[in-house]
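Peer 1: Assemble the complex: chain A is given as a structure, and chain B must be docked to it using the hints.
2 protein chains.
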Amino acid sequence: MRACIVGGGVIGGGWAARFLLNGWDVAIYDPDPEAERKIGEVLSNARRALPGLYDKAMPEEGRLTFHDDLSDAVAGAGWVQESVPERLDIKHRIHADLTRMAGPDAIIASSTSGFKPSELTAKGARTIVAHPFNPVYLLPLIELVGDPATCARAADILTGIGMKPLTLRKEIDAHIADRLLEAVWRESLWLIKDGICTTKELDDAIRFGFGLRWAQMGLFETYRVAGGEAGMKHFMAQFGPALEWPWTKLMDVPVFNDALVDLIAGQSDDQSGHMSIRQLERLRDDNLVGIMRALKHSGSGAGGAILTHEAQLPEPEASPLPVTARRRVPQSWTDYNGHMNETHYLEIASKASDRFMELIGCDAAYIKAGLSFFTAENHIQYLEEVHAGEMLSVTTQVLSYTGKKLQLFHTILRENGAVAATMETLLLHMDLNARRTALPPDDVVTRIEEFVAAQADLPRPEGAGRFVGQR
Amino acid sequence: MRACIVGGGVIGGGWAARFLLNGWDVAIYDPDPEAERKIGEVLSNARRALPGLYDKAMPEEGRLTFHDDLSDAVAGAGWVQESVPERLDIKHRIHADLTRMAGPDAIIASSTSGFKPSELTAKGARTIVAHPFNPVYLLPLIELVGDPATCARAADILTGIGMKPLTLRKEIDAHIADRLLEAVWRESLWLIKDGICTTKELDDAIRFGFGLRWAQMGLFETYRVAGGEAGMKHFMAQFGPALEWPWTKLMDVPVFNDALVDLIAGQSDDQSGHMSIRQLERLRDDNLVGIMRALKHSGSGAGGAILTHEAQLPEPEASPLPVTARRRVPQSWTDYNGHMNETHYLEIASKASDRFMELIGCDAAYIKAGLSFFTAENHIQYLEEVHAGEMLSVTTQVLSYTGKKLQLFHTILRENGAVAATMETLLLHMDLNARRTALPPDDVVTRIEEFVAAQADLPRPEGAGRFVGQR
Numbered sequence: 005m006r007a008c009i010v011g012g013g014v015i016g017g018g019w020a021a022r023f024l025l026n027g028w029d030v031a032i033y034d035p036d037p038e039a040e041r042k043i044g045e046v047l048s049n050a051r052r053a054l055p056g057l058y059d060k061a062m063p064e065e066g067r068l069t070f071h072d073d074l075s076d077a078v079a080g081a082g083w084v085q086e087s088v089p090e091r092l093d094i095k096h097r098i099h100a101d102l103t104r105m106a107g108p109d110a111i112i113a114s115s116t117s118g119f120k121p122s123e124l125t126a127k128g129a130r131t132i133v134a135h136p137f138n139p140v141y142l143l144p145l146i147e148l149v150g151d152p153a154t155c156a157r158a159a160d161i162l163t164g165i166g167m168k169p170l171t172l173r174k175e176i177d178a179h180i181a182d183r184l185l186e187a188v189w190r191e192s193l194w195l196i197k198d199g200i201c202t203t204k205e206l207d208d209a210i211r212f213g214f215g216l217r218w219a220q221m222g223l224f225e226t227y228r229v230a231g232g233e234a235g236m237k238h239f240m241a242q243f244g245p246a247l248e249w250p251w252t253k254l255m256d257v258p259v260f261n262d263a264l265v266d267l268i269a270g271q272s273d274d275q276s277g278h279m280s281i282r283q284l285e286r287l288r289d290d291n292l293v294g295i296m297r298a299l300k301h302s303g304s305g306a307g308g309a310i311l312t313h314e315a316q317l318p319e320p321e322a323s324p325l326p327v328t329a330r331r332r333v334p335q336s337w338t339d340y341n342g343h344m345n346e347t348h349y350l351e352i353a354s355k356a357s358d359r360f361m362e363l364i365g366c367d368a369a370y371i372k373a374g375l376s377f378f379t380a381e382n383h384i385q386y387l388e389e390v391h392a393g394e395m396l397s398v399t400t401q402v403l404s405y406t407g408k409k410l411q412l413f414h415t416i417l418r419e420n421g422a423v424a425a426t427m428e429t430l431l432l433h434m435d436l437n438a439r440r441t442a443l444p445p446d447d448v449v450t451r452i453e454e455f456v457a458a459q460a461d462l463p464r465p466e467g468a469g470r471f472v473g474q475r
Numbered sequence: 005m006r007a008c009i010v011g012g013g014v015i016g017g018g019w020a021a022r023f024l025l026n027g028w029d030v031a032i033y034d035p036d037p038e039a040e041r042k043i044g045e046v047l048s049n050a051r052r053a054l055p056g057l058y059d060k061a062m063p064e065e066g067r068l069t070f071h072d073d074l075s076d077a078v079a080g081a082g083w084v085q086e087s088v089p090e091r092l093d094i095k096h097r098i099h100a101d102l103t104r105m106a107g108p109d110a111i112i113a114s115s116t117s118g119f120k121p122s123e124l125t126a127k128g129a130r131t132i133v134a135h136p137f138n139p140v141y142l143l144p145l146i147e148l149v150g151d152p153a154t155c156a157r158a159a160d161i162l163t164g165i166g167m168k169p170l171t172l173r174k175e176i177d178a179h180i181a182d183r184l185l186e187a188v189w190r191e192s193l194w195l196i197k198d199g200i201c202t203t204k205e206l207d208d209a210i211r212f213g214f215g216l217r218w219a220q221m222g223l224f225e226t227y228r229v230a231g232g233e234a235g236m237k238h239f240m241a242q243f244g245p246a247l248e249w250p251w252t253k254l255m256d257v258p259v260f261n262d263a264l265v266d267l268i269a270g271q272s273d274d275q276s277g278h279m280s281i282r283q284l285e286r287l288r289d290d291n292l293v294g295i296m297r298a299l300k301h302s303g304s305g306a307g308g309a310i311l312t313h314e315a316q317l318p319e320p321e322a323s324p325l326p327v328t329a330r331r332r333v334p335q336s337w338t339d340y341n342g343h344m345n346e347t348h349y350l351e352i353a354s355k356a357s358d359r360f361m362e363l364i365g366c367d368a369a370y371i372k373a374g375l376s377f378f379t380a381e382n383h384i385q386y387l388e389e390v391h392a393g394e395m396l397s398v399t400t401q402v403l404s405y406t407g408k409k410l411q412l413f414h415t416i417l418r419e420n421g422a423v424a425a426t427m428e429t430l431l432l433h434m435d436l437n438a439r440r441t442a443l444p445p446d447d448v449v450t451r452i453e454e455f456v457a458a459q460a461d462l463p464r465p466e467g468a469g470r471f472v473g474q475r
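Read top to bottom, the protein sequences are chains A and B. Per this note's numbering, residue 5 is the first one in the first sequence, and the count goes up by one each step. Per this note's numbering, residue 5 is the first one in the second sequence, and the count goes up by one each step.
These are computed hints drawn from the structure, not numbers from a lab. Only a predicted model underlies this, so the values are computations on that prediction, with no experimental measurement involved. Just so you know, even glycine gets a beta-carbon here, dropped at the ideal spot from N, CA and C. Just to be clear, a hint being listed does not mean it is correct.
[What the hints assert, rightly or not] List time: in silico DSS-like cross-link candidates among lysine-lysine, alpha-carbon distance up to 25 Å:
(1) Lys-120(A) <-> Lys-197(B)
(2) Lys-174(B) <-> Lys-204(A)
(3) Lys-409(B) <-> Lys-355(B)
(4) Lys-204(A) <-> Lys-120(B)
(5) Lys-197(B) <-> Lys-237(A)
(6) Lys-300(A) <-> Lys-300(B)
(7) Lys-355(B) <-> Lys-355(A)
(8) Lys-197(A) <-> Lys-174(B)
(9) Lys-237(A) <-> Lys-42(B)
(10) Lys-355(B) <-> Lys-300(A)
(11) Lys-300(B) <-> Lys-355(A)
(12) Lys-204(B) <-> Lys-120(A)
(13) Lys-237(B) <-> Lys-204(A)
(14) Lys-409(B) <-> Lys-300(A)
(15) Lys-174(A) <-> Lys-197(B)
(16) Lys-237(B) <-> Lys-197(A)
(17) Lys-204(B) <-> Lys-174(A)
(18) Lys-204(B) <-> Lys-237(A)
(19) Lys-300(B) <-> Lys-204(A)
(20) Lys-408(A) <-> Lys-372(A)
(21) Lys-237(B) <-> Lys-42(A)
[Said to hold, decoys possible] Reference listing, derived: stretches of chain A covered by chain B, where coverage requires no fewer than 3 residues with Cβ under 8 Å from a Cβ of chain B:
(22) 74-81
(23) 268-277
(24) 382-391
[As the list claims (entries may be wrong)] Going by beta-carbon spacing under 8 Å, a handful of chain A positions derived as facing chain B:
(25) Val-14
(26) Glu-38
(27) Ser-48
(28) Lys-168
(29) Leu-216
(30) Leu-223
(31) Ile-281
With the rest of the complex left out, here is chain A:
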């Protein structure tokens, strides 16, 4: 799979990172001599943040190439993404070239927020709008607008790289999200200009309040809840009439002059000038990853999109012990000592137990039917420090199995093969309705015994049976 990225700024670089980290080869075309450096910076942010969303390893990165010739870059690409400046004459010229050069099955898409598909295709180009949001490598939303059959094919491809395609029912200037953003932006300029609040105070009005609601539910579902048992009609009856009596400023356009630019740029410096853009980007990314990881627990919004994508990521292979977990360490797993906190060694080993349960047939359906394993005891040895971004793998050996008791030994390995930690764990098979131990059914016993037999010749791992502080 190969993607061609035309225009390598913040948006093009974000596209490149999204494809590359999902295993696609990426060919860049951008005449800017700085393109390679700029894309490298976006990629380094993406490598730092994106894998932290998943509790599984992402695919091997694809191959990144830079091309001076557009037709070289486009050759063999299944996806061609244009992210050049918002000038219609430039877009017309490039999309005419892309339509001529790209294979007949290639999707050709523009990142434009300013133009509708009917404008882009007016001179015969074969193009849809695929409008992403910054940072493209983390935010799932993509607005698709244009030919329905092409948009449907595009949606499948984008879902495969972890995105959330939203196909518009009709084209409209600025699509959906930017219309909402423009409305807020205009009103915000008035509030600043009139001295009601500063840029920092306005940001606080968002992030301490409705911003937290919108990260998970959006506007209408939030208001449905606010309407209470009486429902959406009741809410509309309350809030609707305010529209007949609009607050004046909302309807006017503020005069956009140097004084307004200086006022806002100055307040923004006061608010955020103590951090570089690079620091702000990393803070933003860490927070985005944290928020989206939190939403995985309920599966709401972006959390649901990540769960869907994660389920499609391949399970690691056995070699020779089963590899029961493989993942990169998120930034949020580090603590005040500058390394992965002790809790997350157990978190990854616990996921390894979950995976081993799946391997012996104790999957979600099995648990739903009322049987499961509970952990009775864990012993963890912390042998090496681990840092954010590292790839960890876990292998699992069966120490013993009798009746209701299954004893496992997880080895947590760093990328260089060093043992970062071990965890010995005792699991008891349970009847979830009675909340009592119970014998597992025969098919599960058979699968456990297959693992025991396969591992019969292995030595007992170092550290098994150890008590805390043993010499």
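Peer 2: Frame of chain A; chain B shown alone:
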């Protein structure tokens, strides 16, 4: 400390819960015969969600009383909060009464979004606006408008119950956040009315995209980052001119008729009708707690407000062993077996180790100076299942101390005194710069030895020195 809540709907109930769970007595005045039931439902949501924000226990709940007589409810209150329907004549009547009845130092505040302080005080009432956001017990933002000295006192009190006061520099219709919300609401109605998208699709355009950005940074800081190294002026230069060319619909008011109400209510039913309002509330609350807990890691936005509040919550008392942790179990700590996941037993025990380190002088400053303890080994026994919402405490016994090695035994207790789990842990004192073990300084040794001496007569705890699977 006593708060009087006048009007006990969703907003008044949210205020009651916020004060009550922060240890204030709360007196309710609401002539609605259903008030007690309604407030009970809000309180039950709040008790389920709010304590999950904190890694410490909240204060003991205050006393909740209901009053038929307004002056009884107001008597002795330091804070009086009015949340009655948005009719100016009703507000005038109530605030005249409250001004007469309340003590001279009491803050009298209105939850109004529709009226400015100048309107509320036009007939002599002593009132400020303290405008909260639903759910009041979780969202930190409060807009304060009115007399500056009163707003400053109000801000201190609200910060003390975990809120984020935002004081407006000038009064304006609808304050700040609702002006932004109104702008988005109007534009959204157009998008639905014109068939560009459904309510669900519009919500997705928010929650898979800019909603995730706004939960942490707001508008201006997000755009500052988007502007890149060129900064805010560069961003303004790009985005600003679009204002001169406004998208038409933004400027018009859509006709608000039955057809529009039916269209939106019908789409909202399709989107969310499979869940009751109560289920949606709990989903919203679990997500809010998850998002805000994630933001604690960076301290951004709401995460910072929670950290500040948490630092003010009292540490538990020793009895006779030091109590090194005390907290309620968040909803997000439960797993597919319907109980607290094994990982979080270690998480709370790890916090207990952190607290014990503080008690022997190894606090944040000590770690910053380059010394700390690392965990070398943990052994956990899981003895009882624990459920979301339960209060857990941890006591810590020193098993042994020699040179660089400190061996602790944490006992995790349920509210009924039963032992839920134990964790034996071996800590090594480290030089953080050399990343090597090192002897602790004398003052730390002295404090450890004080604990050893104080616990000299205690028996060795059951389970200490145990290996996994030992009979």
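Peer 1: It remains to establish, for every hint, whether it holds in the given structure.
Peer 2: Now the hints, each set against the structure:
| no. | hint | in the structure |
| --- | --- | --- |
| 1 | Lys-120(A) <-> Lys-197(B) | holds (19 Å) |
| 2 | Lys-174(B) <-> Lys-204(A) | holds (16 Å) |
| 3 | Lys-409(B) <-> Lys-355(B) | holds (19 Å) |
| 4 | Lys-204(A) <-> Lys-120(B) | holds (22 Å) |
| 5 | Lys-197(B) <-> Lys-237(A) | holds (16 Å) |
| 6 | Lys-300(A) <-> Lys-300(B) | holds (17 Å) |
| 7 | Lys-355(B) <-> Lys-355(A) | holds (21 Å) |
| 8 | Lys-197(A) <-> Lys-174(B) | holds (12 Å) |
| 9 | Lys-237(A) <-> Lys-42(B) | holds (20 Å) |
| 10 | Lys-355(B) <-> Lys-300(A) | holds (24 Å) |
| 11 | Lys-300(B) <-> Lys-355(A) | holds (24 Å) |
| 12 | Lys-204(B) <-> Lys-120(A) | holds (22 Å) |
| 13 | Lys-237(B) <-> Lys-204(A) | holds (16 Å) |
| 14 | Lys-409(B) <-> Lys-300(A) | violated (39 Å) |
| 15 | Lys-174(A) <-> Lys-197(B) | holds (12 Å) |
| 16 | Lys-237(B) <-> Lys-197(A) | holds (16 Å) |
| 17 | Lys-204(B) <-> Lys-174(A) | holds (16 Å) |
| 18 | Lys-204(B) <-> Lys-237(A) | holds (16 Å) |
| 19 | Lys-300(B) <-> Lys-204(A) | holds (19 Å) |
| 20 | Lys-408(A) <-> Lys-372(A) | holds (19 Å) |
| 21 | Lys-237(B) <-> Lys-42(A) | holds (20 Å) |
| 22 | 74-81 | violated (count 0) |
| 23 | 268-277 | holds (count 7) |
| 24 | 382-391 | holds (count 6) |
| 25 | Val-14 | holds (6 Å) |
| 26 | Glu-38 | violated (11 Å) |
| 27 | Ser-48 | violated (15 Å) |
| 28 | Lys-168 | holds (4 Å) |
| 29 | Leu-216 | holds (5 Å) |
| 30 | Leu-223 | holds (6 Å) |
| 31 | Ile-281 | holds (5 Å) |
Comparing the model with each earlier hint shows violations of hints 14, 22, 26, 27; every other hint is respected.
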